[in-house]
Each structure stands twice: as C-alpha cells, then as structure tokens.
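Student: Each chain, letter by letter, is given below.
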Amino acid sequence: MREPAAIAPPPTRRDWRQLILDYGIYLILMLFVVAMALLSPNFLRTTNLLNIVTQASTVAVIAVGATMVILLAEIDLSVGSVAALTGAVTAGVIKAGAGASSAGFGWLVLAVVTGLAIGTALGALNGALTVWGGIPSFIVTLGMLSVGRGLTLLYTGGRPIFDLGAGFATLAYGRLGPVPVPVLILIALYALAALFLHTTQLGRYIYAAGSNRRAVALAGVNVRRLKVGVFALAGTLAGMGGVLLTSRLDSAQPTAASGWELDVIAAVVLGGTSLYGGRGAVVKTLVGAIILQLISNGLNLLNVQAYWQQITKGGVILVALLLERSIRRVRGGSEM
Amino acid sequence: MTTAPAAPPLLELHDIVKRFGGVLALDDVSLSLARGEVLGLVGDNGAGKSTLIKVVAGAHQPDGGTVSFDGAAVRFGSPRAAKDAGIETVYQDLALVDTLDAAGNIFLGRELVRFGAGPLKVLNKRRMQAAARELLGRLALELPSSGTEVGMLSGGQRQSVAISRALYTRPKLVVLDEPTSALAVTEARKVLELPRTLAAQGVAVIIISHTLQDVLDVTDRIVVLRKGRKVADVATAETSLEELVTFIVGSERAKGAGYA
Numbered sequence: 001m002r003e004p005a006a007i008a009p010p011p012t013r014r015d016w017r018q019l020i021l022d023y024g025i026y027l028i029l030m031l032f033v034v035a036m037a038l039l040s041p042n043f044l045r046t047t048n049l050l051n052i053v054t055q056a057s058t059v060a061v062i063a064v065g066a067t068m069v070i071l072l073a074e075i076d077l078s079v080g081s082v083a084a085l086t087g088a089v090t091a092g093v094i095k096a097g098a099g100a101s102s103a104g105f106g107w108l109v110l111a112v113v114t115g116l117a118i119g120t121a122l123g124a125l126n127g128a129l130t131v132w133g134g135i136p137s138f139i140v141t142l143g144m145l146s147v148g149r150g151l152t153l154l155y156t157g158g159r160p161i162f163d164l165g166a167g168f169a170t171l172a173y174g175r176l177g178p179v180p181v182p183v184l185i186l187i188a189l190y191a192l193a194a195l196f197l198h199t200t201q202l203g204r205y206i207y208a209a210g211s212n213r214r215a216v217a218l219a220g221v222n223v224r225r226l227k228v229g230v231f232a233l234a235g236t237l238a239g240m241g242g243v244l245l246t247s248r249l250d251s252a253q254p255t256a257a258s259g260w261e262l263d264v265i266a267a268v269v270l271g272g273t274s275l276y277g278g279r280g281a282v283v284k285t286l287v288g289a290i291i292l293q294l295i296s297n298g299l300n301l302l303n304v305q306a307y308w309q310q311i312t313k314g315g316v317i318l319v320a321l322l323l324e325r326s327i328r329r330v331r332g333g334s335e336m
Numbered sequence: 001m002t003t004a005p006a007a008p009p010l011l012e013l014h015d016i017v018k019r020f021g022g023v024l025a026l027d028d029v030s031l032s033l034a035r036g037e038v039l040g041l042v043g044d045n046g047a048g049k050s051t052l053i054k055v056v057a058g059a060h061q062p063d064g065g066t067v068s069f070d071g072a073a074v075r076f077g078s079p080r081a082a083k084d085a086g087i088e089t090v091y092q093d094l095a096l097v098d099t100l101d102a103a104g105n106i107f108l109g110r111e112l113v114r115f116g117a118g119p120l121k122v123l124n125k126r127r128m129q130a131a132a133r134e135l136l137g138r139l140a141l142e143l144p145s146s147g148t149e150v151g152m153l154s155g156g157q158r159q160s161v162a163i164s165r166a167l168y169t170r171p172k173l174v175v176l177d178e179p180t181s182a183l184a185v186t187e188a189r190k191v192l193e194l195p196r197t198l199a200a201q202g203v204a205v206i207i208i209s210h211t212l213q214d215v216l217d218v219t220d221r222i223v224v225l226r227k228g229r230k231v232a233d234v235a236t237a238e239t240s241l242e243e244l245v246t247f248i249v250g251s252e253r254a255k256g257a258g259y260a
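Just so you know, the protein sequences line up as chains A and B, in that order. Counted from 1, the first sequence has number 83 at position 83 by this note's numbering; the numbering is strictly sequential. Counted from 1, the second sequence has number 59 at position 59 by this note's numbering; the numbering is strictly sequential.
Everything labelled a hint here was simulated from the structure, so no lab data went into it. Ideal Cβ placement from N, Cα and C applies to all residues, glycine included. Honestly, I wouldn't trust all of these hints.
Stated by the list, open to error - In silico contact screen, one side only, chain B against chain A (beta carbon under 7 Å); selected entries:
1. L31
2. G109
3. E111
4. L112
5. A117
6. G118
7. K121
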C-alpha cells in the first residue's frame, strides 16, 4: 500500500519556457551590461556600477513593497504620491527642529519615523478600502495617488522644502568603505524581503492568497488582515523611497516621484512577478529595477530624447506582460 | 457499519434556516449523523446541498436553528472554528492553491514551523514534504511528485491532495462535495472506497453527489433536499434509484425525468 501507484511524469516540453520564466531576466541583464560596456569604456568600473545601483535604489526600495502587493494580485498606484508626501513631511519635521543649525541625529530619526508612519498609514488605508470597502485596489490607489499628491502640495504650499543639512544627506551620499549607503539599504531590504517571502508562514500566505484567495481563507487564514498588512508595508517602503529621494535631492519637491508608479510596476513585472498574483521572486524585482536604470542610462549615453524614455518604460511593461501571458497560456490550466 | 441506537449523534442540525437576500436557501432543515455513518446528501441544483454543507463547515452562519457537534451546541463563526472542532471539508473545486505543491496545500493554514512566533514563523519545509508523502502514500491514490505545483497535476492527483489535507488532522467528520465529478472512472472508483474506509475507523462522512448510483453504493443513509427543504431521510438499503429520483424532482415530475 505504501508504494506509489504512479509518479507524475516530469515536465518535459514546458522546460524551456520555464527556464525563460526563471532565468530570462538574468540573460537580459547580461545583454544590457554587455551592450553598455561596448557603448562606454567606463561602464564596467566599480564606481560606475555602484552609481547605477544607487540611482536605481529609490525605485527599487519602493518596488519591494510593490512586489508583495502584486504577488497578492493587487496593485498600488499611489506609491509615487505616498513617497512625495513622506519626503515632504520628513523634510518639514527636520526644518521644524533644525532652527538655524543642522538638525541632530535624534531629531533626524524622529523626522524619518514621522514620515514613514504617514506612508504606512496611507498604505493601510489603501488596504482597508480595498478589503473592507470592497473597491478594487486599482481604483482605491488611483484615488490615493491624487489624494497623496494633493496633501503634498497642501503641506508644502507648492514650494520645495530645501536645505536639510549634512546629517540627512548622509543617507544618500554616505559610504561604508566604497559602498554607498543606499546600496547597503537596498541589499539589506531585499535580503530581508526574500527571507520573509520564501521561508516564513506569512510569506507563503502572500503567495498562496494571490493564487487562490478563497482556498486560503477556507484554510482559516485571515486574508483580509494579511492584505491590509501588505498594503501598509508597501506604504512604509514607498515612504522609505521618498525619504531616500529627499535626501539625495537635499530637498522635498512637491512634485517629486510623479509617475513613479510606472517605474515601480515596470521593475516588478520585468522581474517576472505575475500581475495575476501568486508567482514571482522579489530578488528579480531588484534586477528589473537595475535593468530599467540601465535602459535609462543607455538612452542618455546615446543622446536619445528624454521623451523616448517614457515610451520605452511603458513599452517594457507591455512587452514583459505579453511575453509572460503567452508563455503561461501554453502551460495552461493553472491560471485563475 | 452499525451504530448502537443509544449513542448520541455526532452531528445534529435542528431547524436550520439560511437566507440570501429574499431567497430562502435552507428552510427548517434538520438531520443527525452518527459516528462512523456515511450519509448521502442529494438534490437538484439549487436544492440547498452546498449551502447546508457550508453551514456545517463554518463557511456560512445559519440565520436560524441550532447545530450541535460531538455532544455540545456549537456556532462556527469561521471555517477555522469548524476545523478545530474536527470537521474537514473537501470542496468540489478542491480549493487548492495551484501555485503551491502538494505539501504546501496539505499544510495550508497549519504549516509546520521550525521556530519563530507571531507574524514571523519560519516554515519547516522538509518535515512538511516528508509528512505529505506519507499521507499521500497512505491514501494509495496517484502520488504526485513532490515539488510539482498542484496546478500541473491530474484530476486524481489533485483529489488525493485535497483529501490528504482533510484527513491530516484525523477529523471526526469529513464532508465530500462531489468527490468524483472531475475524475476518470478508475479514479472515481478509488475515491469511492474512501467513505467506507473512513467509516470503519469511526469517522462520519457526508457525501454530496449527483451520481445517484455512487451514493447508493457507498452510503448508509440518504437525505434528499428539494428547494431548501428536506423531503426524504431514508436508509440506503430501503430505497432505490427510482424512489430517489421521485424525491429529488417531486413526485408529479418524476416520470421521464431521466435521472441516473
């Protein structure tokens, strides 16, 4: 009775498709690196590579949260506005405490924590309206995109808050040895997120609920609370991106991070996370964000007009989605 | 499997009422089920079978009536509460997560944990894999290879996973909702052996099926629902296919209804 009646045949014909889904992103990254190295002799220097990762870091930080939201088969369009508001509030608190001189360390922490708390609250509100309001997250966060931007303009009076002091600038410009602080933050965040998603029970529920919400609820998991928590975390991470950006610009711009939802979603889908939920890997989102940065740098190097970059970004999302769709459709059965 | 008449029933539903808006889905339905008894629940589409088992499984809360289970009055506020009491349900669509493997589905909601607490519990994937293989092996159905997403498995393999999940906690009552509807004939035969095996171990089984012959083959007793009301509650040995059809469609429409 213990002998298995039959072992499932190993997947055969699907193998190469699965390989593309699993490793295609790394191939694309390598192609871009080679292309860029040919374009510019300085490209492969360590400082330049670290520079590219630093430039990608703000979007990449936000994309950690976006990956989790998308794994749940939801979407968050409000991240740019939430980032801007968080940055503005952080800058405002810094200015309020600074007086004439630069703000002290304790005050800086307070400022960042205040900003992040607001990001978290807006994220939680996104989740609550989606889950308990019964409104699709697409619409909820579209509304929040507008509300967040309006609040930012209101708070700043439409004027940038600048001159935030050397202490705050360390966040974007500090280094540990040769490694910039944003890169360290990035590595730490992605390592934690990958550990969380792949080894913990909650991480598994995020994947599972994105794949079959009802089955997970029937298994006794409070999917609604899980969703609100993930949206809140996405708000925190959007806020972190906003704080990093504010530090890099040494100012909070009321229009900062406009349109970043597209960059963030592009990084996530380029990394192969399915917009239908349940499939994906957060580390690949980082690769996706870096590829987007490479595209942007490459187009700059080639002196391509800036407008083309927007077209490229949108195009990348669409092509990535079409590819995923056509590959998955052949696999059949497992969608929805 | 005979039960001593004096033994208290495992499950007792008394005058259960469930409304959806203006629709009366369950209208004063009462039934009782003994330990080790296999009960067939039949009726036409929309007769209230699914609603009734969802009340038993804690997925619906009744608007009226009482439920008692294992000797105590209960009111299951959620599927988890019913599971904790010892009621497991295998839904018709199996309620599997296609992107997880067999072990992931069997342990969904009750993962084995290596360490950690609260929101940060670290999964013990190796132990879950080992336990899943043992459970699936015990069932002697088709064994899926570990690590394969259940979305890629055959109907029989998926069914095995869903049933293994239900049996893992050694429940007192197992509800099987259309267990054979998605299966090939040989697979269906194997699944239909399961209620008897469980009953022999003292587990009560409720089986919902449109295939009346299957119900006649494996049950001790059959309850027929029509338009939310219980219209028959008969010992399987004392009824027939024809009589069941009469109950299901109502006597006046029974002739030529073509049920089988």
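Student: Would the hint on L31(B) stand, with a C-beta cut-off of 7 Å toward chain A?
Tutor: violated (23 Å)
Student: Against chain A, run the beta carbon of G118(B) and see if the smallest gap drops under 7 Å.
Tutor: violated (9 Å)
Student: So, as I understand it, the hint says K121(B) touches chain A; can you test that by seeing if any CB pair is closer than 7 Å?
Tutor: Because about 4 Å separates K121(B) from the closest Cβ in chain A, which is inside the 7 Å limit, the hint holds.
Student: Given G109(B) as an interface hint, is the shortest Cβ-Cβ distance to chain A below 7 Å?
Tutor: holds (3 Å)
Student: Checking hints one by one. Is L112(B) an interface residue toward chain A, by the C-beta closer than 7 Å rule?
Tutor: violated (10 Å)
Student: Is the interface hint satisfied for E111(B)? The criterion is a beta-carbon contact with chain A at less than 7 Å.
Tutor: Hint on E111(B): holds, closest Cβ of chain A at ~5 Å, below 7 Å.
Student: Quick check on A117(B) please, does its C-beta sit within 7 Å of some C-beta on chain A?
Tutor: violated (11 Å)
Going down the numbered hints, you'll see the structure goes against 1, 4, 5 and 6, while the others check out.
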